[in-house]
Structure formats: structure tokens, C-alpha cells
Amino acid sequence: MSVIEVKNIHKKFRRKGKKKSVFNLIRKKEYTEVLKDVSFEVREGEIFGLLGPNGSGKTTLVKIITGLMKPDKGEVRILGKKIPEEMNEVVNSINAVFARAAMFWHLTGEYNLKLYSRIYRIKDADKKIRKYLKFFELEDRKDMYLDKRSTGELMRFNLARALLNSPSILFLDEPTIGLDPKMSLKLRNFLKKLNKKENVTILLTTHYMEEADYLCNRVAIINKGRVVKIDTPENLKKILKNERILEFKISEIKYSLIDKLNSLKYVEDAHWIGDEDKVRIIVKNLERADDVIKFLRNNKAKIVSINTDEPTLEDVFIHLTKGKVRK
Amino acid sequence: MRFFQDLWIMFFAEVRMYYRWKERIIWDILGALIMFVGFILVWRAIIAGGFQGIGDLTAENYITFILCGSLLWDIIYQAAGWQMALAIIRDKDMRTLPYVLLSPMNKIAYLYAKVGLGIVRFVINNTILILLASIFFDFSFKGSLMLTLFLFFLTFLAFSGIGLIISSLGAWREGIAQFAMVLTDILYLFSGVHYPIEVFPESMRSFVSALPTTQAINAVRAIGLHGAGIFEIMPQIIYLGIMALITPLLGYLAFRWVRNRAMLIGI
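In order, the protein sequence lines correspond to chains R and A.
Position 186 (the first sequence) corresponds to 186 in the numbering used here; numbering is contiguous.
Position 67 (the second sequence) corresponds to 67 in the numbering used here; numbering is contiguous.
Be aware that a few hints might be false.
[Stated by the list, open to error] Here are the simulated DSBU-like pairs of lysine-lysine, each with C-alpha atoms no more than 35 Å apart in a straight line: (1) R/Lys81 <-> A/Lys92; (2) A/Lys142 <-> R/Lys114; (3) R/Lys148 <-> A/Lys107; (4) A/Lys142 <-> R/Lys127; (5) A/Lys142 <-> R/Lys70; (6) R/Lys224 <-> A/Lys142; (7) R/Lys36 <-> A/Lys142; (8) A/Lys142 <-> R/Lys28.
Treat the hints as calculated values from the structure; they're not laboratory data.
Computed from a prediction, not measured in an experiment: that's the story for all the values here.
Chain A on its own, in the form it takes in the complex:
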């Protein structure tokens, strides 16, 4: 109970701190929009050159294909990316951690509140992105919205455990935040966020397919492009469900271990 109450309290504080500068809303949206339009233009040029498609990507559905990948990637990035690790390092540098650690606040809730801010940014950015994609581009999403939201939630849980591990390590050694960035980049490279995994050589496919990021992206594309139902994406749901059970637990253990280590050095 304390966890959820503290999460709520800190989540609002985090949102308040981030949007102290209101113009951040505009820059966040513009950043997401420019990246999306950039990929659209690249694929438009390729398709204009006669390319008919590869894997799930076709000349007709490339906008939905890219947006599905972008949405899922943003969830993963917010949950497991280096946002949380950087936020902890920032708090450490700004010397705000001692009072947090000394208080009765649930420390895991404190970390998850930082992810919560990422989710707010995700919702704001992507709602506008979807609206603009629907108005100005040929974006059509075939599947169930509820199933998509459930998949997003499961993906968030699965990757937030990894985020917890990385942010805990970041609180101990600042240099580990860079590791989080590299790990995120590796996952981005191999998961087919903005291109189909068929671009990889045959020998790499099984590795690429086994990545949890690829599984999650494939699932959302199955819903968005083909209108897949829950049974059709069940293997991915089971895969992410197992991850959602294991990684937060591992994250919690890492947090405790790192906290003990960090206390030897001092916060």
C-alpha cells in the first residue's frame, strides 16, 4: 500500500519538476514528430524507387509499420532506457538523495515515479503523433485498442525491471548510465523498430527474434497491421509475462545489493 501511495506522491512531484518549464511539452512533441517524419520520408523514397516490401513492411502499410515500432520502442525506452539511471545520477549530483533515503518513502516507488514521468511524456507525445499521423498520413490501426494497451502495459512491466537494475547500478557508479545507453542502442539496432528484421542475414534471425524487444514489437505490429487477437499473440504475451514477473524481482534484488554497496562508499 505504501508503495502505491509513495508512487503517487512522487509521480506528481516528478511531473511538476519536469514541466516547471512548460515549453518542454512542445520540444518533446517536436522531437518525436521530426524523428517519425524522418523515417517516413526515408521509406517513401525507397518505395518510390520501386521497392515493394520485405517481411511485414509493404508499400501500403509502411506508415502503420513504423508508428507501431515507434510506439513500442518509446515504451521500452521510457521503462528500460537510461532516463531512470540518469535521473538517479542527477539526484545524486544535486544532493537530494540523502533526505529521500532518510525518509520513510518506499525507495522502489521513488524510482518508479521517475518512469511514471516517462509514461506521461509517452502519452502526450504519442497521442499527438497518432493524431497527426491519422490526419496527414495514411495511418490505420486494424486491431483491438484494449489489447494494444495491455501489451504496452506488459512491455512496460517487463522492461521496467531492467530499468531498475540499471538505475540501481547508476546510483552506485555513474559510468553505468553509459552502459544503459549502449544497451538501449543495441536493442534498438537489432529489434527492427523502424525496419523489418528480414534485413538481417538469415544466420542472425533467430538471435534477433529471440530478443524481448523484437517479440514486443512483432506483437504490436501483428495487432496493428493484421488485426491479430490475443490468441495469435499468445507466445509473445507469455514471453513478456514471464519477463514482467522476473525482471522486477531481479531489479529489486539488484537495488538492494547496490544499495548495500553504495552505502559503503556513501551517498
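This is chain R alone, in the form it adopts within the complex:
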């Protein structure tokens, strides 16, 4: 059963247009299309990921689904109710965390949680607040004003707030942004447990491939406002099942080299993993490995190590979005 239905969503934003009058006072109305005919369904009890590079329209889409923004065309339904028209009927069953939204800065973390639990009319609120403060390791920060907290702590308070009303559908916009690796892992495990034990449907946006791979039952890859592909992470990885991945560690890598590699006929895709100084190269078959090594040497690249690898969701993602991330 589908609990979220997104049908043919279109959205464009007005941008500052070119001046058209001699006095340079009047500007043309110009628009940027941020979502183009986006459709998908999220099933009950599923963790569904929206995966896309920065500016691909993920957050706009979540805002539209949660009724914070109206689409120009198309329809959204949550639990069968039309959004935003019938939002009041589902408002207690959903909650969300946005990467760029905040609770009240001039209240303490604990008072914010108390305030939202009153707004949602939550019974046993104190017990729940204590539980989430403990889980997110915020017990010793609960009495501090939120304007004094770090990004990671704010995200943890936000997550605690979003869980207070025990939503059956949870929207998470970049939920692990700003969290340290330990807390990210803890949160991912918690979300998985929440989904399994309490059958909470989760729609999350992320650009962390390992997060989508680990958490999501299905993933929609979104690029330039269009859904490029929807499938399970396993099936998505099969897109590159015939291709082979060569991973080179190169010291003093030049960015222009990636462009040159991408222009080669026998290279399906080459992308740079900047934080690890690695270049991952997708080739049709491993027989072309020699050609790649020769090419790199001819271009004076200092190869430190070479490995072959299985395709990851990140490779698929970059392949489908044509190298739009980590560049």
C-alpha cells in the first residue's frame, strides 16, 4: 500500500531576469525549472531515499510533499489525503527534519521539546523527552539555549523533536549532515530499528551513498529536477554489473586528468574521490586496465596503488548523473 503518492510534480522558481527596457528598470520574468514531472510512490513501512547532487531539487520536493510549498502542477497525497489541502488530517501522523530549519533559538533544548510535545498534545511527554535526550546524548546539554549549540547538536535536538509524536511517516532532509561519524552510525541504526520495529515509513534525502545503500529499501536518483531512476540499491548496482571498477590512488592528482579520462572511448566514467585522493574509473572490461595505466603514465600521473572493486551505489549514482558529485 502506498502511503506517499507523488504525481507529475512540476515546480519552477522565478529568477532575476534580464533588463528589457531602455531605462533598465523593467526586467523580464524568467524562471528556473527545479522539478520536472516528478512521480513516485512510497510504500508503507519502506525507507525510501531521494538521492541527488546539490541543487537537484530534493529539498524542494520534500517541502512540496510536506505541504510547505505548493507545486505549479501535479498532486501529492499522504495516507490518501491531498496535500496541502487536507494536511490537517495527517499532520499528527507525520513529522520532518529539514537541514535548513530550526527550533526556537531563544529557548533551551529541553523547553523546545516540551513546547512541541504540548503542541502535538503528546501523552507521557516527559518520558519520551528523557528517552530521546538520552538516546541522542543530549542530557547534559538540555538546559542550554539552542543558539549556543553546534550544528550536530541542533540536528540531534531536531531529530528528537521529530520523533516525539511517534509519526508513522518521517521525512528526513539530510539527517546526518553535521553529525560526527559515531552519531551518524548510531542514527542510521536507530532509523533502521525504528522502521523495522514500529513500521515507520521514512523518506530521506541524502547525498551520502553509503547511507542510502545501508538504509533504503528503494532509492530514487534525482538529477536536475528529474527522477533518473527508481529501484532498490541492489538493482541499481546491477546497472554496472558488466562494467568493472578500477580504483587508482594517485598522488598530486590534477583535476584536468579526470576530464581527459572521461573523454576516452573505453572509459565509461571516471570520478575523483577528493577526500581520499582516489580516482575510480569504470571500464567495460578489465582488459582495458593496461590502456588506462598507460594513459595515466603518459599524463605523468604518479600511481600509488591500483585495485579492482565491485560497483557501489555511488558509482551508479555518478554514472546516472554524469559525474555531478564530488567534483
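Position chain A against the provided structure of chain R, taking the given hints into account.
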């Protein structure tokens, strides 16, 4: 029912947020006091120069005259002024609106809670102002306190609808907060808050008298200076009563319209 519960919940949160810095109480009171004393000194100088009075203002009652105007103006300012519009813009800038809009909270209650904070500030500032005016100046209020409070409440309702319209527009386009400020200034200028409307030329009087702010101020001065009863200020009560019925409704419609518009741009 939800409206009143949410209003109560958010009102306390707003008060808590504002008085996070406790010293704000002192600065608020001092601000009100300095403005009041400033006007008293101006009129004292004018009266010392031989001026005997104009309209309701006389050399004997100018302190009560000014304080009545100040009190009523403060109610109007808190209800219809740009406090609410600015508060919405502040919430928008601080990115706190998405979670509020996503929650089941009554959104009108959320806006009125911001006015509620203004009322708290009004009560604190003006109670002390009245006390000081009674002790150090010749302040005497002749009429019924209950009738005055009723008039304050009616004025608050009448102007809060305008505040709702302005704050809704402010949530859509931030620049509209400046419009609220200008509108407040225009009303201040023409309503005789700190001077009698007789200072305006004859040709302007009917316009000035027709303003709801002038009507409200005239009513409270009638109570305070002449001890007027409910029947004597009935025309003003009817005028404000009609406004109190119409403007919140218009405010609600504006809020819904603006919310739809704002949702096209995104919060």
C-alpha cells in the same frame, strides 16, 4: 478550543523567549517613561508661556490627557503595529517557521501569541508609568476602570485584525513590515495621541475624527477627563465593536490568501 490552548502554549513560550534577557524589563519601562516625561515637559513649557488650552487639553488636565493618549496608543501599537509583522519576519529569517507550519498548531494562535507578548509589555510598562504619574505628577483618572479596560480590550480586538493582515503580508514579502511602520506613523500623526486634534485645520477635522484611532483615544479621554459612562461613549464603542468584528475576519482571510501565495514561493 485548539485556538485558545495553542495561544496559551505559545504565549508562554514567547514571553520566555523575550525575557530571556531579564534586563529588557528595565529598558522597556525606561523607554516608556522617558517618552512620557518628554511630552509632559513640552506641554509644561507651553503652558508656562501662557497657553490656556485647546479642545480637551487644559493647563489643569494635560498630564491625564497625555497619559490617556499614551495608554491607548500603546494598545494600538502592540495590536496593529509592526511588532507582529517583524516577529514573523524574524521567525522566517531564523528558519523556525517550517516546523511551526508543519505542526498541528493553530497558525492564527501562533500570530496572536506574539501580540500577547506585546500586551504583557503593555501591562508592565504602563502599570509602572501610571504609578509614577500618580506619585510624581498630578494624574487623576475620573471614570470607571472597568469601562476603560473594556475599551482597551475592544480597541485591541479592532486593531489586532489589522495586525494580522500586516503580519501575514510580512510573512510573504519582508518589505511590507516597513509599510506597517509607515501606517502606524500616519495613524499616530493624525490621531492626537499627544496633542488635541484641534491643532489640525478645520478642513481636516472630519477626516481626523473618522479615524478609528482618534475615536478610541477620544473615548478613553472622555472617561479619564470627564468621567463619561458607557452611554456617553456608545458611538465609539459601536464603531470599535464593528471594527472588532470585521478586521479579525479580514485578517484571517488575508492570512489564508497570503499563506497560499507564500507557499508558491516557499517558506
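To see whether the hints hold, each was checked on the structure:
no.	hint	result
1	R/Lys81 <-> A/Lys92	27 Å, holds
2	A/Lys142 <-> R/Lys114	46 Å, violated
3	R/Lys148 <-> A/Lys107	28 Å, holds
4	A/Lys142 <-> R/Lys127	55 Å, violated
5	A/Lys142 <-> R/Lys70	56 Å, violated
6	R/Lys224 <-> A/Lys142	72 Å, violated
7	R/Lys36 <-> A/Lys142	69 Å, violated
8	A/Lys142 <-> R/Lys28	63 Å, violated
Of the numbered hints given earlier, the model fails hints 2, 4, 5, 6, 7 and 8; all others are met.
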